[in-house]
Amino acid sequence: MTAQPTQTPPVTGSAADPAAPAAAPANGAEALVATLERIGVSDIFGLPGGAVLPLYDALYQSSRIRHILVRHEQGAGHAAQGYASATGRVGVCMATSGPGATNLVTPLADANMDSVPMVAITGNVPSSSIGSDAFQEADIRSITMPVTKHSFLVTDPDQIAPTLASAFHIASSGRPGPVLVDVSKDALVSAVDPATLTDLALPGYRPVTAPRPEAVRDAVSLMLQARRPVLYVGGGVVRAGADRELRSLAELSGIPVVTTLMARGAFPDSHPQHMGMPGMHGTVAAVGALQKSDLIISLGARFDDRVTGKLDSFAPHARVIHADIDPAEIGKNRAADVALVGDARETIGQLVAELTDRTRSGAAGDYEEWVGFCTRTKARYPLGYETPADGSLAPQYVIERINAISGSGPDSVYVAGVGQHQMWASHFVSYEHPRTWLNSGGLGTMGYAVPAAMGAKVARPEATVWAIDGDGCFQMTNQELATCAVEGIPIKVAIINNAALGMVRQWQALFFSERYSHSGLPSMQVPDFVTLAEAYGCLGLRCDRPEDVDATVEAAMAVNDRPVVVDFQVHKDAMVWPMVPAGTSNDAIQYARDLKPTFLEDE
Amino acid sequence: MTTAAATPPSTRPATMTTAPIAAAERAATRKGTTMSRHALSVLVENNPGVLARVSVLFARRSFNIDHLVVGPTEDPKVSRMTIVVNVGTEQLHKVTNQLDKLIEVIHIEELDDAAAIRERLWAINDNGPRPVGAMAAAWG
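Just so you know, the sequences run in chain order A and B. Sequence positions in the first sequence follow the numbering used here and run 1 to 603. Sequence positions in the second sequence follow the numbering used here and run 1001 to 1140.
Derived by calculation from the structure, the hints in this document are not laboratory data. Hints should not be assumed to be uniformly reliable.
Simulated coverage check for chain B against chain A, where a stretch passes if three residues somewhere in it have a Cβ under 8 Å from a Cβ of chain A [claimed, not checked]:
#, segment
1, 1042-1055
2, 1089-1097
3, 1101-1107
From the three backbone atoms N, C-alpha and C, an ideal C-beta is built for every residue, glycine too.
Chain A on its own, in the form it takes in the complex (with noise of 0.2 Å):
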C-alpha cells in the first residue's frame, strides 16, 4: 500500500551495451528487430500472419537473431518458455493478429503461473482498424490482461522500441513473468524519429528485492527456537538460481527439505536431507515432514492447493516463514507469522548470513529428533511401483532406465506434459541440478513437453533433451516435431503409451467406480506413432517389453542428427502414489490404494 510515484526503473535490463547506437531503424518494425538485438535475444519462435508481415520483413534481414519457424502459435509459446526455464533467460515468440495472437493464449496462461519470464510479440490490425471487426481483428492486449504479468498496444512507432525494452525489464525482473506487447501494422510501417526515443517511466513498478533486516533476524531466531522445521522449496528458489545457496542453508542448519513439483533439481534428490515432494502425490516423507512440522520455512513456493490439501488441515502446528518476492503471495493462503519479501537468492543468502553469526556465537537448533523421524519416514515409505504380473511394461520402470542411461547430469534436460506420466518423470527421475526439470505447474497444460523440450533444445543445444510425454499429451501437440526436425533441433520424446488419459482414468477408478468415460484413446492402433514419427522425418522405435527398455533407450540416445520419438507401450492400470484424494487431507494420504501409512500414530 505504499508507494513514491517518482522512481524510474532501467528498462533496457540486458547485458548488451543500451548505448551502442543502432543502424538507425526507418520504421517500426526495423525499431523493434533493433530493440530484440540490443537486447541480446538471440532466438525467436513464431509464425507469420497479414498484420505481423512488416516485422517479418525486417526480420528477415537481420543476421543476429534466428527465427524458428513452427506449426502452431501455441508451440511459439511453449517454446519460449521451454527456452527460459531451460536457461532463465527470456524466452520469445511471435505470431500475427487475430487467432495468431490468441493461440499464445495458453502458453501466456501457463507462463504466468509458473513465473516464466517471456515476451510475446504480436502484430494488430493497423489502428484506424481497431474496434471495427476487421479480419484477424482480436482484442488481445485485454484477452491477455488476467494472465499475463502486463500486455501492451503500441500504436505510435516511436513508442516501440521502450515498449519492448520496458516488456523486456517486466518479464525478467522482481517475479518473472509473461509480458504481451501487441503492435498495430500502422506502427510497424510507419517512420521512426529516432530522437524520440526514451525509456518508458513504469512509475507504478518497484520490485522488492531484499528482505528487511529485522524480518530476516525474527525468521533465524524462529528457526533456531523450532524443533520440526522443514525448508519448503518451491520455484522462485530455480527462477532465482538460489539452488546454492540454498544447499548452504540446509547443510548450516541441518533442516530437512521438501522440493516442490516447480524446485525439483533445486536441491540434489541424492542428498540425505531431501525427503522428496510433497503434495497430491508427494512422498510420504514429504507430506509428512509438512503435516508434522512446527515451522515451515517456505522459500518461493506459494502453498498451491496441490501442496497443502485441504488448508484447514495443513500443518495445523506450524508456524510460517514465509519469503516470496511477490508480496501478494504472502498470506495468501495460509497465514505467515514472518514474512521476507525478496529475491530468493538475496533472502536466502541474509538467512545464511545471519545463522552463521548466531551459530559462531553459540546457538543451535535442537533438529535430531526430527531428523531422525523424518530419516526414518523416508527409509520406511520410499517411492516404489508393482511390477505388472502380466509381464508388461511398467511405465515407471520406462522413466527410471530412461534416466539410468541418459543421467542426472547438467546437461540431461527432462520436459514432461501433464499427468500421470508428469508425476512418475517428478518421482522416478533423479534430479540433481536445476532447470533440468521443465513441466507445467500451476496451469497444467496438457501439450506442454514436445514444444517445451523444442525451445529447451534450442537453448541448449548440448544438452540431452528428453520430453517424457504422454499419449494424450502428445497428440495435443507433435505437429512440433516437424519444426524439430526441419530446424535441427533433434529433442527425445518417450510417449508413456497407456491407450488412456491416464490421471482421468486414475481418478474415474478412485473416484467414479471404474466408470471410464471417454478417457480411453485406441493410441496402440491410431495413431501409429513409429510412422507418425517417420512421417515427420523422426526416428520412429517401438518397445512394449521390459527386456528390451535399455536396448530401446540407447537406439534413441546413439541418433543425434534428428529427433526421436519412442512408443513405450505400458500397463495401462498403473496408477501414481502416493496420493491424497482431492480436497481432503494430507493426512489421508495412501501410499499405495487403500494402504495408509503409520507415520502419524507413530510418534
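Given the structure of chain A, go ahead and fit chain B onto it with the hints provided.
Just chain B now, kept in the frame of chain A:
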C-alpha cells in the same frame, strides 16, 4: 485543485441505496466473515485500458466493487480511481496486494474517514456529475 462549490445531494437515488448493501450483507453472512466498506484511492497511469485492467482484476479475484469513480489529477499522465469495496480486513489486504502488482498502479491509499472521502470525491471532479455525488452521499 479546488473543492467543488456544489453540495452533495441530500437524498440519494433509491437505486443506489439498499441493493448493493443488502447483497453484500447476504454475502457476508454466507462467508461468515465481518465485512465492512473500505474506500481505496488508487493512482494509476492514465493509459488506455487501465480501467479494464483494474476491473478485470477485481472480477478475477472475486471482489465486488460497490462504487467506482475515475477522474483526472493535476498530472495529465496520472488518473485517480476511488474504489469502494465491501470486504473483510484480510480480503482488503489481499485485494490491495493484487492491485499493487498491476504495473500501471502507482499508489494505493485507504481513505479512512467519511469527510475525507466526500472531499476527495468532490475534489476529483469539480463538475460533480451525479454518480460522484451519489457515491459521496451513499458514504454518509
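Structure-based check of all given hints:
1. 1042-1055: holds (count 7)
2. 1089-1097: With 5 residues close enough to chain A, the hint holds.
3. 1101-1107: Our answer is that it holds, as 7 residues pass the Cβ test (under 8 Å) against chain A, meeting three.
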